[in-house]
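Enquirer: Here is what each chain is made of, one letter per residue.
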Amino acid sequence: MKFLSILAATAVITTQLVPAAQAAVVPASTKLAEVQELTVDNNAEPASLDPHKVEGVPGGNIIRDLFEGLVNQDADGNIVPGQAESWLVSDDNKVFTFKIRDSARWSDGNPVTAHDFVYSFQRVVDPATASRYSWYIETTTMANAAAIIRGEKPPSTLGVKALDDQRLEVTLEQPVPYFIKMLANATTFPAHRASIEKHGDEWTRPGNMVSNGAYVLDQWVVNGKIVLKRNPKYWNDKETVINQVTYLPITTDSAKLHRYKTGELDMTGTVPLEHYKRLVQKIPDEVVTSPELGTYYYSFNTTKPPMNDVRVRKALSYAINRSAITDYILGQGQKPAYTFTPESVSGFTPPETDYSKLSQKERNQKAAKLIREAGYGPDKPLEVTIVYNTSEGHKKLAIAIAQMWKPLGVKVRLENQEWKTFLDLKRNNRFEIARGGWMGDYNEASSMLDLHTTRHGQNDSRFSNKQYDVLMAKSRTAATDKERNSLYSEAEQILAEEMPVAPIYQYVSSRLIKPYVGGYPVNNVQATVYTKDMYIKAH
Amino acid sequence: MLLFILKRLALAIPTLLILVTLSFFLIQTAPGSPFTGDFNMPPEILANLEAKYHLDEPLYRQYFYYLSDLLKGDLGPSFKYMDYSVNELVAQSLPLSIKLGLTAFIVMVIAGVALGTLAAIRQNTWVDYLVMSFSMTGVVLPSFVIAPILVLLFAVTLGWLPAGGWNDGHWSSMVLPVASLTIVYIAAVARIMRSSMIETLNSPFIRTARAKGLPTHRIILRHALKPSLLPVVSYLGPAFVGIITGSVVIETVFGLPGIGQHFVNGALNRDYSLVLGLTVIVGALTILFTTLVDILYGLIDPKIRIKH
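Chains as they are written, first to last, in the UniProt record's numbering: chain A, 1 to 539; chain B, 1 to 308.
Any given hint could be a false lead.
Claimed, not checked - Listed below are the simulated DSS-like cross-link pairs for lysine-lysine, each with C-alpha atoms no more than 27 Å apart in a straight line: (1) 153/A - 52/B; (2) 225/A - 99/B; (3) 420/A - 52/B; (4) 369/A - 380/A; (5) 72/B - 198/A; (6) 198/A - 52/B.
The hints are simulated quantities; they were obtained by calculation from the structure and are not laboratory data.
Owing to the predicted nature of the structure, the values given are computational and were not obtained by experimental measurement.
Turn these sequences into a full structure, and let the hints guide you.
Expert: This is the structure in structure tokens:
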């Protein structure tokens, strides 16, 4: 209360409504199992368990259990308090003040303070840390982050300060209305300074690591297993149910299916595509499919002929029968994509683009007309190469799309590349059409749409449109959600008109989950799972 | 003999150096770098990373850094598993691979020799046909086909054994990986042993032994086994290398945290130091083992000793 009254008196800061904190919500009638231990397939070995060095989903999954940032997500993906119990946002969306909860503790019993967060944010952007995700802090526009990463300013100049032990103030260079949503990402989680100073790179080992999440690290066998045990010092430990969680890095589809069947796994990380339909028929209650904040697409290289001709790009995109792909090739509940932002994104409904309203027959007719206008036809067939990384799924799709383009007189060459070679080709602009997939880093449309701004590192198609860049820049200063969404809609319309990429389908995530596992967040489009929110029913 | 061993060991050093040098430069030719990922990092972040690992320096200098660290026994940091050095990863995974490899090796020798001998003694009976049918099937089926079949049968359907995982080396977790790894080699050893044993059993000295009235088991164990083992022993070197490389597949299928998985992931992730470190280790083990086989060969057959 004292905190709120002080800030209210300054009259420059508005309060933000904060939803209640989440924990395992066990229905009253549920009988819990005596042994509360969960074994989860994590798809791969994490690159690190240091929140500031981690990259990729497997690492993020474990770090969410070990560490807690200022905020968490609830089962529907909404932001809920984490280590911060409340926060205040300035009118211009540039200054954010957090109140760290009194009960926030490290696993060694010491309090988590605002100074821990100052240290952690500075550590991420410090070039000496060599964090692969420091760009994420830069995208928040935290004051001086970019200059610090470039080595032009010291980390101490970062726009973050501790007003006292429990009040943390973050200052951004530009308004970022969705800044709070960005804080659910592991890169913004705190790391324990004393452990790092004592153990160096080895601070993430069992016995050395001090963490502030619902679990602590118990065992780590690289490529074998990672075992976490409940953290009795966690502020909400009394509402945590699962005592132990084991993460297994299973990379092969058949192995995860076998180990699920034998009961060695309670949850798989994915469901093998070729088994999906059979499993849905056989064990429908155990196949859990959720919408995901991501889109599968083909990038057209807009800098090179023939893909620098918008008519060619549109013709190829129109001729893709997206419904046939989602219904007959994938069949896991994926939706056809006619915009780059998927429908599952929070707070924004993507617009209906003109071509989405047509029937496939009409789209094909338009495609044939466009390709003729571009100067291609039976006498001069368009020859293109689709490049994709090694995967049966990508191959199947590329073959189907090549068939869909055949009536246009397009001759397609398929080029399969190993993952890093594929990334290298895209980065060095040596492709015509490349498959792509993008998952939002935070649940907001800009996490998808920013990708097509001229300077974005992931803009594979090299699309550059001034109007588009202006719209995305303006969206950051939009006064209301309505105004911002209208700018996003305009941006989507530009993408449909210029077609630098052909959106193909909206991702879903599928897992096999034993019926006795409760609390899995089916509606979280970022598949953000916290073990503390789950429980095991008697079975 | 001692001179022979010393010569072999001395030869191992330049062999290893060539192996390291070739591997070092070859892996650099693969497209992409350890830091090529889903997200194209901004150049300044990439520069920070490259500076940390000396990747911003000329290749020859990186090579000498590597050699100088190697001489000190330091295999360098892992580029992918940022919390670990290659030494630590090897220390964690090598004991498992050795345990798996040695168990497989012992099982291969005992089962292969026993089956081959049995088939030779019972030549042209149903026992012989059964062993040879197994051998034919075993030889043509690669381990990545055998492994899922064994898992489906013994883990999923019958529920007798776990479908994967190491479980700190508990015997139940080793049965299926060892079986998948060795069936093909047991089959090969059995075939070699059978023909070798048949040949020995038809030798004049065995006929003499029989004429003296010695019991069959004595003839086999005392007189026929040792000379029949020679072709098997010469097969053990390549078989050992096969088991080591075969474990790459098996460790992935069964999710075992051995060096095989590091090899696969290291190559895919362009984790230069991890791949190089493992190349050195496996190269050294291979050299050591082939030397041991040669010594063993010399012990069994005195003619070899004289030649050397």
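Enquirer: So, for every hint listed, does it hold in this structure?
Expert: Structure-based check of each hint:
About 19 Å separates the Cα atoms of residue 153/A and residue 52/B, which keeps this hinted pair within 27 Å; it holds. With a C-alpha separation of about 19 Å, the suggested pair residue 225/A and residue 99/B falls inside the 27 Å cut-off, and the hint holds. Taking the CA atoms of residue 420/A and residue 52/B, the gap is about 21 Å. The hint holds against a cut of 27 Å. Distance restraint check for residue 369/A and residue 380/A: the Cα-Cα separation of roughly 15 Å lies within the 27 Å cut-off, and the hinted pair is therefore satisfied.
Taking the CA atoms of residue 72/B and residue 198/A, the gap is near 25 Å; set against the 27 Å cutoff, the hint holds. The suggested pairing of residue 198/A with residue 52/B holds, with an alpha-carbon distance near 20 Å, which does not exceed 27 Å.
In summary, the structure agrees with every hint in the numbered list given earlier.
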